[in-house]
Amino acid sequence: MNTRQILTGMTCGLLTAATAHERIFTYTYEPATPPKGEIEYEQSITMRAGRDAAVGQSDFYRMEFREEVEYGVTDNYQVSLYFNQQYEHFRDPATGQRTSHFGQAGFSLENLYMVLNPTEHKVGLSLYLEPTYDGENFELEEKVILGQRYGNWRWALNLTHATEWANNFREKEGEFETTFGLTRQWSSRWWLGVEFRNHNEIPEYKEWENTAFYLGPVVCYRRANWFATLTVMPQIYGANFTGNPDKNHYLELEGHERVNVRLILGVDF
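Heads up, the sequence shown stops at 808 in our numbering, and the numbers go up one at a time, no gaps.
Read the hints as simulated data drawn from the structure, not as lab findings. Be a bit skeptical, because a hint or two may be false.
Said to hold, decoys possible - Cross-link-like lysine-lysine pairs, in silico, DSS-like; alpha carbons within 25 Å at most:
id, residue 1, residue 2
1, K745, K786
2, K682, K711
3, K745, K682
4, K661, K575
5, K745, K711
6, K575, K682
7, K661, K682
No experiment lies behind these values; they were computed from the predicted model shown.
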């Protein structure tokens, strides 16, 4: 599988349409929803790179692709259908064997309801629910989304919980995540800011396995008919609470990566 060909094809297919409702962050949602009847297409490309050789995954990287069709059911309620794929590659340092795999990762149905409109209240509030199913695994994700705009400044905070059932519901894992974004509009087309993410895993809801903190810049560029937003977040601290399998005392490199990069491209119809 040629990753460059995938990215080029998906990108070229996007740059043709009308006025975009931009995403100025890539990991953090804002509470505002699109107007009733608006349809938008978004392509999300995420790269997760860098795990530790101690856990048998040298040269690790994973490319995650999500194609989204978003529809404003009402001015307060948005529904989106995602189609998910992923490509994963790593090398076992003990044997030198390389493993590469590209496959479908199921589909997701995102529901976003705006409780408090940020243009009418001091802080905007939305609630989010997203089930994902791939034939063997099922995940249910919930978010509380807060945010506001002050002149050229915008911020958003997301509190997320998810439960993933794997191997036909034989195993389950809980996840807790906090994301925060702060950005400023520097011109009619450019936004520049910072994004933060903390992610935690709790297998079977019995023991807190790990935590990882990420921090990095986010930039958004918009035109009348499309937008592009990019976040680059290196891991700044991580810990594994069930031992030290990755032999690293400052980062968590068994279930998380050294750096996360996400690009979102979107157009309206």
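Each hint, compared with the structure:
1. K745 x K786: Holds - the C-alpha atoms of K786 and K745 are around 23 Å apart, at most 25 Å.
2. K682 x K711: With a Cα-Cα distance of about 19 Å, the restraint between K682 and K711 holds, given a limit of 25 Å.
3. K745 x K682: This hinted pair holds, its Cα atoms lying about 22 Å apart.
4. K661 x K575: holds (23 Å)
5. K745 x K711: Holds. K745 to K711 sits at ~10 Å (cutoff 25 Å).
6. K575 x K682: Holds - the C-alpha atoms of K682 and K575 are around 22 Å apart, at most 25 Å.
7. K661 x K682: Holds, because 20 Å separates the two Cα atoms, which is no more than 25 Å.
Figure legend: structure checked against the earlier numbered hints; every hint is met.
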